[in-house]
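Visitor: Chains A and B are the protein sequences, given in the same order.
Here the first sequence is numbered in our numbering, starting from 1 and rising by one per residue.
Here the second sequence is numbered in our numbering, starting from 1 and rising by one per residue.
Just so you know, not all the hints are guaranteed correct.
Stated by the list, open to error - Label pairs and their computed distance ranges (CB to CB): (1) Asp70/B with Gly305/A: 41 to 49 Å; (2) Glu213/B with Thr157/A: 35 to 43 Å; (3) Arg63/B with Ser150/A: 56 to 64 Å; (4) Ser78/A with Arg63/B: 31 to 39 Å; (5) Gly305/A with Arg200/B: 48 to 56 Å; (6) Arg53/B with Pro27/A: 19 to 27 Å; (7) Pro74/A with Gly111/B: 23 to 31 Å; (8) Glu217/B with Ala33/A: 46 to 54 Å; (9) Ala115/A with Gly11/B: 55 to 63 Å; (10) Thr194/B with Pro74/A: 49 to 57 Å; (11) Gly111/B with Ser150/A: 48 to 56 Å.
If you are wondering where the hints come from, they were derived from the structure by calculation, not from laboratory data.
We put the beta carbon where it would ideally sit given N, CA and C, even for glycine.
Chain by chain, the residues run as shown.
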Amino acid sequence: MTGPSYEFASGDPGDPDFAVALAALDPPFSTVAEPARLVRRTWFDTFDWRLHAAGFVLEQDDRAGDHQLVLHGPDGASDAAPADGLTWPVLATALPPGQLRDRVEAVTDVRALLATGRMRSLQRDIRVLNRDGKTVVRLIVDVARDATASGVPALLTVTAVRGYQAEADRVAAAVGSVPGVVPNETSRQEHALSASGRSYRDRARGVVITHDMSAAEAVARVLTGFRETLTVNLPGLLADVDSEFLHDVRVAVRRARSTLKLTGDVLPAEPVTRLGTDLKWLGDLTSPTRDLDVYLLGVPAMARGLRSFDPADLDPFRAHLQRRRTTAQRTMVRGLRSARFGQVLEQWRALDTDAARMPAELSVVTLAQERVASARRRVVRLGSRIGPGSPAEDLHTLRKRCKELRYLLEIFSPLHDRLAHKRAVDVLKSLQDCLGEFQDSEVQATALREFAVEMTTAGTAPPVTLLAMGELAAALSADQERARREFAGTFATFLRPRNQRRFDALLVDGTRSEARA
Amino acid sequence: MKVVASYNIKGGVGKTTAAVNLAHLCARDGHRTLLWDLDPQGAASFLFRIRPRVKGGGKALVRRRTTVGDAIKGTDFDGLDLLPADFSYRNMDLHLDGEKRPTRRLRQLLGEVAGEYDIVFLDCPPGISLASESVMHAADVLLVPLLPATLSLRTFDQLAEFVAEIDGRRPTVLAFFSMVDRRKRLHREVVADTDGRRARVAEAVIPALSAVEQMAELRMPVTASAPRARGAKSYEALWAELQAVL
Numbered sequence: 001m002t003g004p005s006y007e008f009a010s011g012d013p014g015d016p017d018f019a020v021a022l023a024a025l026d027p028p029f030s031t032v033a034e035p036a037r038l039v040r041r042t043w044f045d046t047f048d049w050r051l052h053a054a055g056f057v058l059e060q061d062d063r064a065g066d067h068q069l070v071l072h073g074p075d076g077a078s079d080a081a082p083a084d085g086l087t088w089p090v091l092a093t094a095l096p097p098g099q100l101r102d103r104v105e106a107v108t109d110v111r112a113l114l115a116t117g118r119m120r121s122l123q124r125d126i127r128v129l130n131r132d133g134k135t136v137v138r139l140i141v142d143v144a145r146d147a148t149a150s151g152v153p154a155l156l157t158v159t160a161v162r163g164y165q166a167e168a169d170r171v172a173a174a175v176g177s178v179p180g181v182v183p184n185e186t187s188r189q190e191h192a193l194s195a196s197g198r199s200y201r202d203r204a205r206g207v208v209i210t211h212d213m214s215a216a217e218a219v220a221r222v223l224t225g226f227r228e229t230l231t232v233n234l235p236g237l238l239a240d241v242d243s244e245f246l247h248d249v250r251v252a253v254r255r256a257r258s259t260l261k262l263t264g265d266v267l268p269a270e271p272v273t274r275l276g277t278d279l280k281w282l283g284d285l286t287s288p289t290r291d292l293d294v295y296l297l298g299v300p301a302m303a304r305g306l307r308s309f310d311p312a313d314l315d316p317f318r319a320h321l322q323r324r325r326t327t328a329q330r331t332m333v334r335g336l337r338s339a340r341f342g343q344v345l346e347q348w349r350a351l352d353t354d355a356a357r358m359p360a361e362l363s364v365v366t367l368a369q370e371r372v373a374s375a376r377r378r379v380v381r382l383g384s385r386i387g388p389g390s391p392a393e394d395l396h397t398l399r400k401r402c403k404e405l406r407y408l409l410e411i412f413s414p415l416h417d418r419l420a421h422k423r424a425v426d427v428l429k430s431l432q433d434c435l436g437e438f439q440d441s442e443v444q445a446t447a448l449r450e451f452a453v454e455m456t457t458a459g460t461a462p463p464v465t466l467l468a469m470g471e472l473a474a475a476l477s478a479d480q481e482r483a484r485r486e487f488a489g490t491f492a493t494f495l496r497p498r499n500q501r502r503f504d505a506l507l508v509d510g511t512r513s514e515a516r517a
Numbered sequence: 001m002k003v004v005a006s007y008n009i010k011g012g013v014g015k016t017t018a019a020v021n022l023a024h025l026c027a028r029d030g031h032r033t034l035l036w037d038l039d040p041q042g043a044a045s046f047l048f049r050i051r052p053r054v055k056g057g058g059k060a061l062v063r064r065r066t067t068v069g070d071a072i073k074g075t076d077f078d079g080l081d082l083l084p085a086d087f088s089y090r091n092m093d094l095h096l097d098g099e100k101r102p103t104r105r106l107r108q109l110l111g112e113v114a115g116e117y118d119i120v121f122l123d124c125p126p127g128i129s130l131a132s133e134s135v136m137h138a139a140d141v142l143l144v145p146l147l148p149a150t151l152s153l154r155t156f157d158q159l160a161e162f163v164a165e166i167d168g169r170r171p172t173v174l175a176f177f178s179m180v181d182r183r184k185r186l187h188r189e190v191v192a193d194t195d196g197r198r199a200r201v202a203e204a205v206i207p208a209l210s211a212v213e214q215m216a217e218l219r220m221p222v223t224a225s226a227p228r229a230r231g232a233k234s235y236e237a238l239w240a241e242l243q244a245v246l
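In isolation and in its complexed conformation, chain B is listed as follows (with noise of 0.2 Å):
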């Protein structure tokens, strides 16, 4: 099983988007897929119109009063679960903490389920915490989306100095500019100025287009709504990249 988590310090940056339509292309193909809200925005099982609850919140997740297992719901699109947010969240920080090796915790929560699917993706949320710690300890991948913006790419190389400083196991880093504005000088500079990072950043750009702030009308990934639109195909792009590095 292998675990991608989508995540940035900065909030707004398409996260959830990313999670939502990556975990979909995912499923589409046959692996078998769960993701997992981590956001008590909740705003990924808002898309996948599954209510944000688990039975006795985080608390009971982490210490196993509620296992994983039971706490999943299938989504409308065959292979794809989701492990719903919960408003507690906003306490997982805390509930960790009462944890023996809480950084490891999410991991060990996981591992309940390693038989059940093929690729977990972690929709995370904003901020710098015990919570990003374990999910960083947890995930394979950490895929990042990126604003084109100067303080976006500073903010990016905190977080890659901070990863390197891992002990132990370390996810692989992969950035991807989002919510892409073409028509501004700014976005196209700043996109065309990370050459030299490419190692880091993929070459798939996701474009801000109304079609993906369309999600949330519709409730569904994009790549589902219109699998054929400029939206739907930037995703399949980033799949593809994303593949390679799993």
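If we strip away everything but chain A, and leave its shape as in the complex, we get (with noise of 0.2 Å):
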């Protein structure tokens, strides 16, 4: 198999076509060097840079009217499919059927491909020839062609034909000894997504806490974050890039709104009410099109579970549920481009200079010790006293109760040890699963009989398909039955004292240097 490639960048300005290194390969090569191509180039990525993190570059190579994408693997495998007829963002789902559409899909799940990056490049083909003529290796000459492209340096590409790793790496040793040659270390991705603004660290940035901090400044620095997080997501969620926008600004919100409720008094009491309002609102506007979304992305699932009916049965359900989606999602966007919501974030960015007023004598690491011990106390309170007969509301109503206490140590997470933090999450997350499950399930039948009223009323229920709903319903409180059962156990193995004793022990000593959330 073929081993690595080599890459060179020049140092020499005066000499962007390597002439000095391809010189240097004759004797025992030979080059022939193919006539220069204009190649435009496509960079793409999730918003959140899944394929980066996965170790994938996908690229769209754009020449002489030949557009064809490329997946480049971690593994050094390559993988093509034809770019045409493709209207960017896409979803993986929309890519070429083969090895590329798979792999892709596997990485950014529902995440659309965005284009990160784009470079144009004068390029040129040269290959090396053994003293028989073979061609052994192959070069690839890169001239940077952009406006933006002043500073970015001409590369040479080393590949190896198969076989002949011997000669690419003597070739490569040729090259990097001429002087000016340097081993690359930017790739042609990275410059074209500096000339974009952009870069793989975008997603990286998170709320710094530190223990020095006063409660106040810690707590306006946590609900900034929220706000960022916000802001950074509201251009593709305007534009229905894919679902996960709209989910990741609902927990912002989410979590702001828990995070003024559980630390807000430590701020000025008018705009953290005013703000709670506001942020209500905003959950209320959001929530019909994210309900939707859940649905629509269950689907397929649920159609894959039906015993009795065939998925297609379920076929004028999604279509229901699309028609409501595209009205709930104008009606949110509507209220997202009103004044009122520009009020909110004005008014959201106004409370770091609130929180500048408040006295600093309550720090930040009492406030999480106290705000994580009451919360446990509820969770723990409300927990005991369900029993076999309590009213499903019971347990919604402890369900947002770990919600809070879950809140308070991601918030607090930063000072916190990250191995007891861990272990913290992992006893409340069970818990929080059943409970989720119990709720979930009730919610989706409930909302699955609406629908069915919805479609009979409107005509476009087939019977098949409000009996494959059926079916679908029923399934649903079979879970939420099992998790009704399942409830006693977990919170069982919640109480157990070792467990209890996680939340006793997650603050460091303090002397921890700055961390992040």
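Build the complex from these two chains, which are given one at a time in their own frames, with help from the hints.
Guide: In structure tokens, the structure reads:
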């Protein structure tokens, strides 16, 4: 098999074609250069860099009317597919069927692929021949041609023809020994990203709170982080690029609301109350669309689970959800483009100034200890009162208290010992999963009944679709009953002294350096 | 993965020329293609400018001390790789004889790269031997070039009988006339006389052309050096018939 390729950058702007390096190959090699061609490359990834995180590079190569998508994998393998007819951004499911789509879809899931950078280059293929006139190594000289490419070096790639790695190594050694030619450390993709003002570290930024902060300063900083998350996801949400933009906005809003509820008393009362009201409005505004997204995303799995019906019997149901979603999304976008929303963001920003006026006596460490302990006690108290005959509402309330405890753990995670934090979250997560299944099953079963009524009223429900939806509702009810039966054991596990102690051992001694949320 | 063996008991009938040109066309059409030069003379390797050498020789391959994958070389043509000849292949029978189930060995070796290639062409040496039997067990199609001569047809009949008697998996036999000179009455008559054998003889006929002979000078398939020439077109026609059989 072929070994590694080499890539060199030209440090000499006067020799972008690597003429000196190529001359150094003869003897024992000779070279044959093909005519140069203009290549336009576009790189794609999800908004949260899923392909990059998994070691993949997806690029579209446009040359002489031929549009080719190429996926370079972390294993060195490449897959290609035609890119004709694609209108970006797209989900992986819109790519041509084949190995490339399968590999991309496994990583990107529900996130759309967006163009992250573009670059035009003049490329020239050069064949390196041995004494028999056989091509043993392939070179590509790439000279960037965009206006933003000033300072971007020319690149030379050295790749062995299969079975000729030794020759490629020799060529690379010869090229690398030429003064001014250095191993390349910045890929063309990174140059293109930089030119578009983006970076892989876009998503890595988090909220920084430290042990030496006051409670007010830390809480304001946390709220700022949620606002920034909302702002950065807003364009994608408004353009309806994929469902995760809305999901991330709603998570930010939910966490901001919890932060206000659980720790907002350290900030000025009036702005906190106003922001709380505004965030509730925002949550309500975005809820219907997100709920419908969740149903739509879940329909394929539901359809596969049908025992007595064909998955296609749910097509009218899917179409109904899609129509509802289109309407809900329009309403949501109107709200997000409204003056009111603009004011919400302004007032949210102003909280930073309000926080600065607050006294600094209460430290964030004290706040964290108090609030986490208090939230845990609430969970223990409520959960201990739930018995076999307790109404469903009690479990729903417990779920909310568990979420609050979870949010507090996440808000204050920079102050926690990493391992202790993980253990506490794991303990809580098992309980949350059980309660989540219980409530979600009930909510979805109720929603199915409502959809069935809507569709019957609208005349869009063939009998077989209604029956299939009935089977789904029955399965959800069974899931809910199972979760109910499992609750007692799950909560007993949560209550175990060893697990409860995990919430006491969270904070480090305060000597840890600055950490990120 | 499908395996096509270019084979005839007789030498000098156009086996290598067929294997080289068909492999090139196969890769040109987008199939991942491997050509294994099994002939110790190494003509196919020469045509692709690849030195006829395998580390450890045929013995190392058969005994898996050198893997097939490690021995493969890329040609100058996209999608076409070559497993080179080695002079030690002249002792291939000896190497195979030392193995369990020697007639299955080549198929097993090709199995190592089954995921990498769609079609493998075997350029076989002339003669009939243990290595030939191993080729027949490995091949899905036995592509048999025939000179337009009576004795050629007789040899072909013998080969067809031999294949029919193979135990287990048998290749499909597809013969074709090679090096045909239409100016010669005998050639015309022999080609026409095989109407009754059409089930096993291709309609495509490869003419005796200097362009084909010049392959050795240019060191590339005629289908690459002169794709519009008559010789190349005849291989295109043969390739079309071969695909129908595959």
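Visitor: Does the hinted range 23 to 31 Å hold for proline 74/A and glycine 111/B at CB?
Guide: With Cβ atoms ~27 Å apart, the hint holds.
Visitor: Tell me if the beta carbons of glycine 111/B and serine 150/A are separated by a distance inside 48 to 56 Å.
Guide: holds, 54 Å
Visitor: With respect to the beta-carbon atoms only, verify the hint that glutamate 213/B and threonine 157/A lie 35 to 43 Å apart.
Guide: holds, 39 Å
Visitor: Has the hinted range 31 to 39 Å been met by the Cβ atoms of serine 78/A and arginine 63/B?
Guide: Given about 33 Å between the Cβ atoms, the range holds.
Visitor: Taking the CB of threonine 194/B and the CB of proline 74/A, does the distance hold inside 49 to 57 Å?
Guide: holds, 56 Å
Visitor: Taking the CB of alanine 115/A and the CB of glycine 11/B, does the distance hold inside 55 to 63 Å?
Guide: holds, 59 Å
Visitor: With 46 to 54 Å as the target window, see if glutamate 217/B and alanine 33/A comply at their CB atoms.
Guide: The hinted range 46 to 54 Å is violated for glutamate 217/B and alanine 33/A, with Cβ atoms some 24 Å apart.
Visitor: Is the gap between the beta carbons of arginine 63/B and serine 150/A within 56 to 64 Å?
Guide: holds, 59 Å
Visitor: Within 41 to 49 Å: is that where the Cβ-Cβ distance between aspartate 70/B and glycine 305/A falls?
Guide: Holds, since aspartate 70/B and glycine 305/A (Cβ atoms, about 48 Å apart) stay within the stated range.
Visitor: Could you check the hint for me, namely that glycine 305/A and arginine 200/B are 48 to 56 Å apart, CB to CB?
Guide: holds, 54 Å
Visitor: Honestly, do arginine 53/B and proline 27/A meet the 19 to 27 Å range at C-beta?
Guide: holds, 21 Å
The structure shown violates just one earlier hint, number 8.
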